[in-house]
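S.K.: Single-letter residue listing:
There are 2 protein chains.
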Amino acid sequence: MSKKYVYLFSEGNGSMRELLGGKGANLAEMTSLGMPVPHGFTVTTEACTRYYEDGKTIAPEIEAEIFEFVSKLEALAGKKLGDKENPLLVSVRSGARASMPGMMDTILNLGLNDEVVEGIAKLTQNPRFAYDTYRRFIQMFADVVAEVPKEYFERAIDLMKQKKGVKQDTELDADDMKQLVEQFKALYKGHIGRDFPTEPKVQLMESVKAVFRSWDNPRAIYYRRQNGIPSSWGTAVTVQMMVFGNMGNDCGTGVAFTRNPATGEKKFFGEFLVNAQGEDVVAGIRTPQSIDELKQLMPEVYDQFLEIATRLERHYKDMQDMEFTIERGKLFMLQTRNGKRTAQAAMKIACDLVDEGLITEEQAVLLVDPSQLDAFLHDQFNPAELKRAKILATALPASPGAACGQVVFDAETAKEWVAEGKKVILVRLETSPEDIEGMHISEGILTVRGGMTSHAAVVARGMGICCISSCGDITIREGEHCFEVDGLIVNEGDYISLDGSTGRVYLGKISTVGAGLSGDYSRLMGWADKFRKLQVRANAETPADAAQAYKFGAEGIGLVRTEHMFFDEQKIKAVREMILAKTQTQRQKAVDKMHVMQREDFIKVFEAMQGQPVTIRLIDPPLHEFLPKEGENLEALAAELETTPAALEKAIVELHEVNPMMGHRGCRLAVSYPEIAKMQTEAIIEAAITVTEAHKDWRFVPEIMVPLITDLKELKYIKGIIVAAAEAVLKAHDSDLKYMIGTMVETPRAALLADEIATEADFYSFGTNDLTQMTFGLSRDDAASYLGSYYDKKIFDFDPFATLDLRGVGQLIERATELGRSVKPNLKLGICGEHGGDPASVEFCHKVGLNYVSCSPYRVPIARLAAAQAAIKFPRD
Amino acid sequence: MSKKYVYLFSEGNGSMRELLGGKGANLAEMTSLGMPVPHGFTVTTEACTRYYEDGKTIAPEIEAEIFEFVSKLEALAGKKLGDKENPLLVSVRSGARASMPGMMDTILNLGLNDEVVEGIAKLTQNPRFAYDTYRRFIQMFADVVAEVPKEYFERAIDLMKQKKGVKQDTELDADDMKQLVEQFKALYKGHIGRDFPTEPKVQLMESVKAVFRSWDNPRAIYYRRQNGIPSSWGTAVTVQMMVFGNMGNDCGTGVAFTRNPATGEKKFFGEFLVNAQGEDVVAGIRTPQSIDELKQLMPEVYDQFLEIATRLERHYKDMQDMEFTIERGKLFMLQTRNGKRTAQAAMKIACDLVDEGLITEEQAVLLVDPSQLDAFLHDQFNPAELKRAKILATALPASPGAACGQVVFDAETAKEWVAEGKKVILVRLETSPEDIEGMHISEGILTVRGGMTSHAAVVARGMGICCISSCGDITIREGEHCFEVDGLIVNEGDYISLDGSTGRVYLGKISTVGAGLSGDYSRLMGWADKFRKLQVRANAETPADAAQAYKFGAEGIGLVRTEHMFFDEQKIKAVREMILAKTQTQRQKAVDKMHVMQREDFIKVFEAMQGQPVTIRLIDPPLHEFLPKEGENLEALAAELETTPAALEKAIVELHEVNPMMGHRGCRLAVSYPEIAKMQTEAIIEAAITVTEAHKDWRFVPEIMVPLITDLKELKYIKGIIVAAAEAVLKAHDSDLKYMIGTMVETPRAALLADEIATEADFYSFGTNDLTQMTFGLSRDDAASYLGSYYDKKIFDFDPFATLDLRGVGQLIERATELGRSVKPNLKLGICGEHGGDPASVEFCHKVGLNYVSCSPYRVPIARLAAAQAAIKFPRD
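As they're listed, the protein sequences go chains A and B.
Throughout the first sequence, residue numbering follows my numbering, covering 10 to 886 in sequence.
Throughout the second sequence, residue numbering follows my numbering, covering 10 to 886 in sequence.
Possibly wrong hints are sitting among the right ones.
Given that identical chains are not distinguished, each listed pair holds provided it fits within a single copy or across any two copies.
Derived lysine-lysine pairs resembling DSSO-like cross-links, with alpha carbons at most 27 Å apart [to be verified]:
id: 1; residue 1: Lys580; residue 2: Lys591
id: 2; residue 1: Lys431; residue 2: Lys210
id: 3; residue 1: Lys591; residue 2: Lys802
id: 4; residue 1: Lys218; residue 2: Lys725
id: 5; residue 1: Lys88; residue 2: Lys187
id: 6; residue 1: Lys159; residue 2: Lys602
id: 7; residue 1: Lys638; residue 2: Lys659
id: 8; residue 1: Lys339; residue 2: Lys276
id: 9; residue 1: Lys803; residue 2: Lys687
id: 10; residue 1: Lys349; residue 2: Lys582
id: 11; residue 1: Lys725; residue 2: Lys65
Keep in mind that the hints were calculated from the coordinates and are not lab data.
Pulled out of the complex, with its shape left as it was, chain A reads as follows:
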């Protein structure tokens, strides 16, 4: 049997989203509920996929099937497409599996031509309506199918109004409309070189193709990437009998929500226009009326609509967003879907629906989109001020939040100005580890280069500081203390505002408002914590970040990046002394200084986490990151370090690497300089002893983590150093503190040999940033410049550094999990890359059976919610 590509509304139902798209499935569902839905049919998403497979053509058998369903529709409607006496007009609308509002195309009033329009005029006794509808159709078809710019048609209408001396479209009469139709047809022919198609079946097939095509327009591609929708899904096409809201004052059209989508308040919310078609609402030519006014104007229609809306909400167990049309006093439902809403509204609606007994707590947890929490948890701009603000540029929303401050161009100035009580925005070409301190005290960070996972982005997210990256529109003028954007100069000290949730850079000051973590939020997160199986930890190394993570519900720290603890002025000096040491004695002296600093830092972080587990990663980056960049002024630094600029320069050159990401870093440093691993272990164990002696009730077990392992023998060697150092400290303190030693799995080789390596590891933490880089051979610092082509050409659907690549990187994680647990069933497994806070990736971690995810503090609530949703959707154990 050949595949069925077309379904009548009466043949489908709400569960067939994959095949019929959201719109088609919901129209079918409403039909089966006996609601007033105009007849129609849906061409499936599979037909769309076929269209692309067949080189953007519709196969003859699918065309034949569509025509067969046109006949069925004609029978149901009692009208015929192209019939002069009793013509059927249809709408042709897109509808993907996931809602993509406004991203794809729609054609209304299809079926009109010079003869049919006369039939409509006669039938309705309303020639103005008939010709108005006809000109609307030509205009829309020309725009969507033939890509004739809308402006040409708008201009023709404007000229006609001038000629007639009127202001409103509604003031034009039937003859004017008839003239416009002729002008529009001429415009069409002028642009396309062919007559406007008069045959309704041709109109229909061209329109179906146009909707299929619109699946791949740039804004749809962008929307999909932002929302993680695969490009392989395709859109369905719904063909539905037209009903008319523009046939007189007993007609109308509107949009309504069952609850307020901004606040979540349980109050019918929406607007409508009398005597109008849907496009008029969108176009904003007339100001729509509140849905409440419909009650006065058409009380029976209002009551019927309210009853249907209430039924739909109870049926779908969620707030509904509906489109309706009233034709000569009769209500028709054209669409219903679960409504988009703000994070606040989502949480209130979820809690209210539980209180109303409509849904369970599990269902409530599933109702809130975790990624929406991101903006909610950060400060946001005052909406009123935001509307008036001038947008300077739009770039990657690298770390959410709202920030306002005076522009500075380097970390030193940032520190000076903040010390004077100013608030600053750090604007850099790109940031480097040296900037850390300046970043920490800035309100926000704006970089010209770098993607979502550049240094600036990762660090800013970790700190919960707003960041916009890859802002190529601005040009920093070196030496002039200003940047230029579109001919405008912004000087050091000028105020700008950053919205890290949208990527918009504004000129001037905008005030911000904070978020509350109680009420609906805390109720919902309580349910989430009850259901989830994954633990959620945070990546943090400063006491402030750790405290923030604890406040956001982190159950431990999954990643302390010890190198970050050295990026302040005093501490980095000790590291530099170590790097530049010429003798073993000098080196040891520097390492001893580092030892004291590390111990104090660890004590603070352990204290902040209140006895919860903390995973400390041994120093990871290549040592050159601790030195100034090549070409910088080295005189002062050399003096401070009691060496010569030449010696400093030599060290910089010697440590230079062609590909530092695959260079002398991670555990390779511990192999070259065992004294560093030894010192870090001592500091960790000493700090843990101090903390557990102060808090006798804590059962704190520090977890020491070795980065970048590729081989069992490598881990064995370093473990030897760690165990020797730890046991010596324990013996000296007569302590029986327990500690664990584990490793990052962040090279493909470690994943492939995870059974061997597990024999020496107490836990694995998947470092998915590096694992993604190496699995793809893709440098995350450089990828931003060309990944755009990959999205445009539909090669990548999403950024693999933001959402885990399940088939490649995920395959390695699954394999390593199986291998590791095959030799050590209780091996503790977690993930600590940027992906730990990405909902789709969290779902994968749950399914694979990891023990925890670890993410930046501000993403902890997101991960908690995503983990709960995964546990509800995919029960395990």
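Assemble chain B onto chain A, guided by the hints.
M.R.: Chain B alone, transformed into the frame defined by chain A:
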């Protein structure tokens, strides 16, 4: 039953190498053949492994077992260890599974103390012999077991000779020796703080431990790495009753080969010393006599030895290297093993043994070590001149051969001087693609940085040019046109000579001799070609390299690196114009120029390969490699390219990448700039049409290869471009030429998804250089600086860029092979990394079932031989 750790010679045989080591197994074998072997036993390699596992101690049960076998040995010998009347003395010698001559330690004459020495003196009536033997023992034990430097003892002997006014050790009498013994014991105590051990069993156990320990001495580790011997094997220890070649003039000791190891000539070859112990031969105190003279001195012993030697050669079916001792006219065999030999000798011996009917052709193929061919195929220095030459430095032998020329420090000067008829050696900190032309015309290349797989090394091997890399001993003085080594200044224009096979840099001129590819070589390679299953291709892009590869027996080209074709002055200009183009028109103009050049280049390469298959890889490196480096003088270049230095600088900055190896390169360039892939395809197809029209009998099928693929959709997109371009050319030429489109598998992700990707690929070529980099996360350009620590600490046994990492990278290749063939059983599979010419890696490729390996032209014969050996050892099909 507990494991047996000790075997009498009579319990073992020649097949037990893994357990008994080469020496132990062969002594057992000779014993079983009834040859005169002094009694003894062997402590197994497993005992050595246990020793390391147990933290460098010998477990009590193993010690007990050793003592049990001492008793057995005493019974066989009829003497007792430590017995004053009839003492047993033994030797304690190392012996690994693979021969590691001179790398580990030996102790002779063990069992002596102040009482035993008196017994020996009485028994032999030869006090001088007894005390000479005793002082030898103390000296050797102190050196090997206690690490007291030998020099101290040598000095004591020298002082004694001065005192006595004699020149030769032999002129010292028994009393002198007795005095020396006392001095030696005092020296021992002075250094160690303990008395010299008098208990023979203590001496024995200390010596066994010392031999175990010597498995891990630096020279053994280095030797293993050079020869691909795993550090996990361990050494056996052979304890054997001493026989004495130094008891008088009816005694002697020597070493002999059954054939000449330098030439392969079938003539008994060796030397011996009358009245001496083995160490005297090594020490070179007296000049040994030729083995021929033994015939005159001791005709019966000579005849017996000749008979044994002949029997051993027939038994082992290979040339033997034997050690023997004559004690009072009686011959004892102390060792036999397959002898080390030169490449020439190896080939002659293999052919002769076939002619003598002793071995089959298969066995002959197995007799020659493929890696020995490397030096053989290149020019070599005149040995006589070499001996007298001054060694300036020794570094990595990156590309074999012998080269002599005048020092130059940049490619420009190289070109100028060569144009004047000079021969030059290019000395650089490191090379870059810009240097290619200068490298090509140089006699040899010497770099300060970079490992075996640095740019210089890879390119030089490809060109068959001698190269020594990582020569940190020399310091190039920028701007002074000279380099310094150990205080010596070598100026531009001075002559130096490089031996790329040993890594030695010599001062001055040394003349060279070439190799002949006929005779035994061509006979042996003919057999190899008959047996091997793997095809062997070459990596080549110039007509000269292609012709060289063809001459060396390549069956096609597995990798044309098209970017190398642009690294000459004229051509790089077109590439730079393309990169700097501001408009589509400018870009197309530059691409058109490149098109013409590429077509001509391809025609030449295809012609050189005589119709054999050629795989052309689309342009691979990041575009910045075609631009001058940051900071260079850009004025002239900017003028030439009709742009400004600022614009050039901007392009350089924009193209800069943090990790270029994982950056905008490979197929990512084709995604960003489809016009380049299109142009290259057109040039390939046009060239193929030209060549096949000129040679109607060639069935030439060009293979177009897409690099750095990570995803099916990526390949599909690029394949679309290639197919469209190719079909258009074919149509325009009305040609029915066939072509193939395949991909590199060089990212872990491509290997993991090899089933999907195979649906669109005609062939896979494993790019093991990149695959190794990404699987380990190890940058091959940077690794040299820290891999040393990895060898020293026994984490890595070998360089994964030289020998394929079978467990990690190999696992990915195996998996990709299975996955790829599961969807496309005839998928053609090859490898084109540096590993294609490494014998161990070739064996792996054979086992996995690849179709071909591709390597640099000079390694083609090595790969052919290695492939044949793999096919003989591991039959497939």
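S.K.: For each hint, tell me whether it holds in the structure or not.
M.R.: So, going through the hints one by one against the coordinates:
1. Lys580 - Lys591: Classified as within; 19 Å inside a copy, 47 Å across copies.
2. Lys431 - Lys210: neither (67 Å within a copy, 81 Å between copies)
3. Lys591 - Lys802: between (53 Å within a copy, 22 Å between copies)
4. Lys218 - Lys725: between (62 Å within a copy, 23 Å between copies)
5. Lys88 - Lys187: within (24 Å within a copy, 129 Å between copies)
6. Lys159 - Lys602: Answer is neither; intra-copy 70 Å and inter-copy 43 Å both fail.
7. Lys638 - Lys659: both (12 Å within a copy, 19 Å between copies)
8. Lys339 - Lys276: within (24 Å within a copy, 115 Å between copies)
9. Lys803 - Lys687: Classified as between; 19 Å across copies, 49 Å inside a copy.
10. Lys349 - Lys582: neither (52 Å within a copy, 55 Å between copies)
11. Lys725 - Lys65: This pair counts as between: shortest inter-copy Cα distance 16 Å, intra-copy 57 Å.
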